[in-house]
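Could you put together the complete structure from these sequences and hints?
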Amino acid sequence: MTTEALCLRALNMRKTALKMAYESGISAHIGGGLSCIDILAVLYGEIMNVANRALTFAEKDKFIMSKGHGVLGLYAALAEFGVISKEILSTFQKDGSDLIAHPVMNEALGLESSSGSLGQGISMGVGLALLAKRKNYSYEVFVICGNGECNEGSVWEAVMSAVQFELDNFTVIIDDNGMQSDGASKNIMDTSGKYFKMFNALGLDTREIDGHNTNEILKELKKSVMVGKPRAIIAHTVKGKGISFMEGNNEWHHNRLTEKQYLAALGELEKREATGEWK
Amino acid sequence: MEIKRNKIKLWSKLGSRAVFGMVLTELAKERDDFFVLTGDLCQSSGLARFAQDYPQRLINMGIAEQNMIGVAGGMAKDGTTVFATSFSPFVTMRACEQVRMNMGYMQLNIKTVGLGAGLIMSQLGNSHYGIEDVAIMRCIPGITVVSPADCAEIVKSVEAVLDYKGPVYIRLTGGTGNPTVYADDYEFSIGKANILREGKDIAIISSGTMVYQSLKAAEMLMDSGIDSAVVNMHTIKPIDKCCIDSLVDHKLIVTVEEHSVIGGLGSAVAEYLAAKPKKPLQIIIGIEDMFPKAGSYDYLLKQCGLTGEQIANRIMKVVESKN
Chain A
1 MTTEALCLRA LNMRKTALKM AYESGISAHI GGGLSCIDIL AVLYGEIMNV
51 ANRALTFAEK DKFIMSKGHG VLGLYAALAE FGVISKEILS TFQKDGSDLI
101 AHPVMNEALG LESSSGSLGQ GISMGVGLAL LAKRKNYSYE VFVICGNGEC
151 NEGSVWEAVM SAVQFELDNF TVIIDDNGMQ SDGASKNIMD TSGKYFKMFN
201 ALGLDTREID GHNTNEILKE LKKSVMVGKP RAIIAHTVKG KGISFMEGNN
251 EWHHNRLTEK QYLAALGELE KREATGEWK
Chain B
280 MEIKRNKIKL WSKLGSRAVF GMVLTELAKE RDDFFVLTGD LCQSSGLARF
330 AQDYPQRLIN MGIAEQNMIG VAGGMAKDGT TVFATSFSPF VTMRACEQVR
380 MNMGYMQLNI KTVGLGAGLI MSQLGNSHYG IEDVAIMRCI PGITVVSPAD
430 CAEIVKSVEA VLDYKGPVYI RLTGGTGNPT VYADDYEFSI GKANILREGK
480 DIAIISSGTM VYQSLKAAEM LMDSGIDSAV VNMHTIKPID KCCIDSLVDH
530 KLIVTVEEHS VIGGLGSAVA EYLAAKPKKP LQIIIGIEDM FPKAGSYDYL
580 LKQCGLTGEQ IANRIMKVVE SKN
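So the protein lines, in turn, are chains A and B. The first sequence lines up with residues 1 to 279 when you count with our numbering. The second sequence lines up with residues 280 to 602 when you count with our numbering.
Don't take each hint at face value.
Unchecked claim - The calculated lysine-lysine pairs, modelled on DSSO-like cross-linking and capped at a C-alpha distance of 27 angstroms, are: (1) Lys495(B) / Lys292(B); (2) Lys94(A) / Lys15(A); (3) Lys288(B) / Lys308(B); (4) Lys596(B) / Lys133(A); (5) Lys581(B) / Lys288(B); (6) Lys197(A) / Lys222(A); (7) Lys133(A) / Lys444(B); (8) Lys557(B) / Lys601(B); (9) Lys530(B) / Lys596(B); (10) Lys444(B) / Lys135(A); (11) Lys19(A) / Lys222(A); (12) Lys135(A) / Lys308(B).
Treat the hints as calculated values from the structure; they're not laboratory data.
If you want it as structure tokens, here you go:
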């Protein structure tokens with residue numbers, strides 16, 4: 001898929017995410033969902049083979065949304081690339097739905113792991129990558145972890161073990177939007193800006209990218225891995241990316257969209273689509 | 280594994296943890312379809328040989344129990360059986376939320392083994408005792424909890440859980456020179472209690488090391504004319520309801536466990552009996568709601584009232600007051 005095509009997919013995913021959030025009628029994690037959408041578009045559209053239903057467990061790539069509250073991005077990606085039907089999205093956050101505010105493990109829906117309790121997805125990813133090494137499975141493992149999530153000590157336990165076990169089939173992407181539930185990370189647990197050094201010091205093949213630049217995301221993910229080294233990609237992102245009144249505004253960490261706000265947000269995306277500004 | 284009298288004697292000498300490592304190492308000779316994860320405790324759990332002979336199948340996770348359980352979850356994703364072991368407080372409490380997510384919520388095929396459960400860590404103190412582990416594991420939905428009575432039953436349990444579908448917690452009580460309950464091979468099935476002694480007056484339901492102490496207590500009670508049944512409730516969850524049903528005609532039910540009186544075997548039995556129209560009085564013997572003062576294992580058992588003699592005396596008092 002061309003960079004241009006992936007950008008258009010990401011734009012569609014933003015529309016889908018907002019529609020889900022709006023139609024659920026209640027608050028949703030919009031900001032953190034929008035910050036990882038460009039990365040998800042590249043992973044699902046070009047890097048991972050998960051849309052191919054014919055693949056076996058041993059062949060199909062594994063994706064873990066460790067920052068479980070990023071589901072608006074994840075569900076939108078699964079629908080955009082045909083892993084799940086678009087119809088099921090309307091059940092988001094409805095009573096008894098399989099699509100709630102944090103992923104619930106469901107193979108048929110392409111949800112590899114249950115998350116919501118932060119700091120656990122990297123461990124699951126390390127386990128999957130180690131399993132592949134021990135059993136000669138061909139899949140690769142990708143984990144998206146939040147910057148706020150990195151406050152959890154278990155993140156670092158997991159990262160150290162990925163290095164120890166030489167998991168070059170493992171990639172962790174830090175969706176570093178610089179914010180967390182209570183506001184700017186620099187005022188809470190100031191590690192933003194240090195992640196490159198931290199991951200690099202622990203021995204990961206670490207790269208730093210603009211997490212909204214599809215070209216860069218694609219280039220880094222396609223670059224060959226270093227033998228015996230797990231990969232960390234520090235993606236600098238913007239919380240609420242794509243919607244002017246949400247960008248960098250932590251009110252949208254978890255919030256409900258009014259009709260007026262929804263239409264305004266949708267209008268911004270449609271305008272960008274019409275003018276070709278999305279490229 | 281073949282279970283013979285002379286082996287049982289040897290296992291008892293080796294103790295709970297060494298036998299656990301030994302049985303896994305034996306099983307690894309026959310089959311290669313399981314992994315073992317340890318939290319930097321190969322030596323302490325009899326797994327040094329396993330690590331040497333099968334380095335691809337044993338993974339030392341370092342002193343990082345949370346990650347160990349999460350990694351176990353990932354490795355169990357294709358249905359593979361993954362054992363994960365550390366001292367019982369570290370796997371059940373330090374990693375509690377990982378246990379809840381991976382073993383409970385996701386029902387992944389992890390067999391967590393709590394080493395040194397109960398009071399056997401003696402001089403190491405309460406940081407190392409496992410006196411709340413059953414309560415914690417039991418209240419997370421969908422986790423089977425097994426507490427073997429002696430070293431032979433550790434062998435039986437480990438063999439059984441290898442092919443048992445779903446998450447299991449095994450707590451290893453007792454140490455070296457662990458008393459034997461079983462002299463010969465016997466029928467072991469997860470979820471099915473073993474009645475070790477019939478008795479018409481009272482019924483003692485116990486698990487782990489307390490099965491041996493309960494048998495001793497039953498002998499002493501017999502000398503005083505109290506005929507006691509003794510049940511080895513090795514599976515605490517799911518509890519053997521049929522077995523409990525068969526005991527309601529007794530005058531008294533006593534549960535005995537090397538665990539807090541809150542949330543363990545006694546609670547499990549009481550929860551089941553609470554809704555029964557006909558039920559005998561139940562007394563729950565275990566570690567009272569406190570951190571015992573550290574000391575030798577025998578010192579601790581005595582402090583907590585968990586020797587055969589103390590159990591018998593306590594039962595006797597209740598029986599006398601009822602008469």
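Comparing the hints with the structure gives:
1. Note on Lys495(B) and Lys292(B): the hinted pairing holds, with a Cα-Cα distance of about 20 angstroms set against a maximum of 27 angstroms.
2. The hinted pair formed by Lys94(A) and Lys15(A) meets the criterion: a straight-line CA distance of about 19 angstroms does not exceed 27 angstroms.
3. Taken as a hint, the Lys288(B) and Lys308(B) pair is honoured in the structure, with Cα atoms around 23 angstroms apart against an allowance of 27 angstroms.
4. Taking the CA atoms of Lys596(B) and Lys133(A), the gap is about 61 angstroms. The hint is violated against a cut of 27 angstroms.
5. Taking the CA atoms of Lys581(B) and Lys288(B), the gap is near 25 angstroms; set against the 27 angstroms cutoff, the hint holds.
6. A threshold of 27 angstroms between alpha carbons decides the hint, and for Lys197(A) with Lys222(A) the separation of about 22 angstroms falls inside it, so the pair holds.
7. Using a Cα cut-off of 27 angstroms, the hinted pair Lys133(A) and Lys444(B) holds, with the two alpha carbons roughly 24 angstroms apart.
8. Taking the CA atoms of Lys557(B) and Lys601(B), the gap is about 17 angstroms. The hint holds against a cut of 27 angstroms.
9. A C-alpha spacing of about 14 angstroms is found between Lys530(B) and Lys596(B), which places the hinted pair at or below 27 angstroms, so the restraint holds.
10. Pair hint Lys444(B) plus Lys135(A) holds up; C-alpha atoms about 20 angstroms apart against a cutoff of 27 angstroms.
11. Proposed proximity of Lys19(A) and Lys222(A) is contradicted: the alpha carbons are some 31 angstroms apart, above 27 angstroms.
12. A C-alpha spacing of about 18 angstroms is found between Lys135(A) and Lys308(B), which places the hinted pair at or below 27 angstroms, so the restraint holds.
Comparing the model with each earlier hint shows violations of hints 4, 11; every other hint is respected.
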